[in-house]
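Visitor: Which chain is which? The protein sequence lines are C and L, in order. Letter by letter, the first sequence follows residues 1 to 240 in UniProt numbering. Letter by letter, the second sequence follows residues 1 to 299 in UniProt numbering.
Wrong hints could be hidden among the right ones.
[Claimed, not checked] So, partial list: chain L residues that the calculated Cβ filter (under 8 Å) puts toward chain C:
| hint | residue |
| --- | --- |
| 1 | I171 |
| 2 | A178 |
| 3 | N181 |
| 4 | D184 |
| 5 | I191 |
[Said to hold, decoys possible] The calculated lysine-lysine pairs, modelled on DSS-like cross-linking and capped at a C-alpha distance of 27 Å, are:
| hint | chain 1 | residue 1 | chain 2 | residue 2 |
| --- | --- | --- | --- | --- |
| 6 | C | K76 | C | K185 |
| 7 | C | K72 | L | K98 |
| 8 | C | K72 | L | K96 |
| 9 | C | K72 | L | K33 |
| 10 | C | K75 | L | K33 |
| 11 | L | K286 | L | K33 |
| 12 | C | K13 | L | K98 |
| 13 | C | K15 | L | K98 |
| 14 | C | K15 | L | K96 |
| 15 | C | K76 | L | K96 |
Hints are computed from structural coordinates only; laboratory data are not their basis. All C-beta atoms in this analysis are idealised placements derived from N, C-alpha and C, irrespective of residue type, glycine included.
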Amino acid sequence: MLEVNDLVAGYGKVKVLHGLSLHVEEGRLVTLIGSNGAGKTTTLRAISGMIVPESGTVRLGGEDLTGQPSFKITKKGLAHSPEGRRVFPTQSVKDNLLLGAFPRLTGARERGDVEGDLDRMFTLFPRLAERRAQLAGTLSGGEQQMLAMARALMLNPRVLLLDEPSMGLAPRLVAEVFATIARLKEQKITMLLVEQFAAAALEVADFGYVLENGRVAAKGPAEALRNDAAVRAAYLGHAH
Amino acid sequence: MNVLSQLIVSGIAVGMIYGVIAFSYQLTFATSKTLNFGQGEALMLGALVGLTTINFLIGQALGTLWAYLLMLPIVFAFGLAQGAVVEWLGVRQAVKAKSEAGWIMATIALGIIFRNLAENIWGRDALRFPSPLPEAALTIGPVRIQPMEIAIVIGALAIMLAVEIFNRRSIFGKAVVATANDRDAAGLMGIDTRRVITFSYALSSMTAAFAGVLIAPVTLTGATMGAVLGLKAFAVAIIGGLSSGMGVIVGGLILGITETLTGYYISTGYKDVPGLVLLLLVLSLKPSGLFGRATIKKV
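The shape of chain C in the complex, shown without the other chains (with noise of 0.2 Å):
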């Protein structure tokens, strides 16, 4: 479903990624894992369009998305649940997870049942159905992590890119949000999750990656890189 290869990217001259590929088959949940600075964020921002690609190509079900700006790319059905959540304060709950069906909303995608979506947001994640008129600028961090992915999930995505949903979270909620993405895993939406958090990562994902500096340093199916001596010596605190 989506197709990276030799990606190169950064901000300007400053390189990240030099010549990265990766794959997310569909229904899949496709973890990349790696230390602070490895380019797991730049990855996500050069696949929506964030940022634009020196070079390497980003496919979305076969067709060609390198270098479109972000917009267009979400139109094509690529949700971006971006690092710091990035929810709009001022607009109530229920207005941020409108906007995540813009293009639903505007003719710019198949509009399906937007209002059934909204219930089915509020099912999936009934804190933010008791704060719909909240402005998202008063939430509490683990809220807007939920109204973060609620509001990517709101554009019914082909791809969902999740970045560090976990971070700076309490415990109690980072479990949370990983049960959550264990439950859209459930209902085949095809992920691709960035987290710090690699063992947990690891556990719900079907496939990692394992970025080093800009490229891949390892990958597999995310059991064996869970057994991986070398991976659990680096990521997951397992070494001694």
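Mind docking chain L on chain C? Use the hints.
Guide: Below, chain L alone, put in the same frame as chain C:
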């Protein structure tokens, strides 16, 4: 006491005009963090296009009120187009080139060009704009007020309310607010934020053009009418805060009323001073404006 209330009432109408123009500055600042320094010229062009249109319609044997109402959509359409042109020519190129100050010079330059153009089309003399409402003042209690002054207050509030309702209720309005909140995140929602910015320039000039035809019947209309109004409304936008809708109304009223008071109690020669003193005070004491939220520019 009667004089004082009369002065306050007279200050309200002009204050509301300042408020509306300040509001139009806010519209582009919200989405793009840029302003049209030729906003006064957008107002002036709106008034002059309105003048030509209303005179043509009156020539078609229409009553002044009907001619005025029929003129409004034409002035709106003109304002929208003029604002889009300013964004295309003045702002987009400068912002694309990542020039921090390029848009300032470009919008000032466009403003001067528009003023020259207007001088060549409509001449340098001030013209009289037909009033759609009776010009005889009404006496309400101790104060006398022109019907057009009431229309100014209603019209100013109506346009601000209309924009607010559009922003809150329609999905396109929500997209404008989202762009103002966080441009990158808005792009991830599938919103073409460049188009949103063009739209906010169009809407901003339309609002200024409307302010032009609101004030035209109670003042003189001409190529130079916009310069001072644009500058004073800019002061109001700074005083009220560039992000507060309430702020520009209150700021506009404060400026309008202090001006009429100074004009009467001190001297009309010093009419423009208190507003500018207020501007300097606000800038030194509360730079985000009386009602603005402090924002820290992250480097």
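Visitor: Which of the numbered hints are not met once you compare them with the structure shown?
Guide: none
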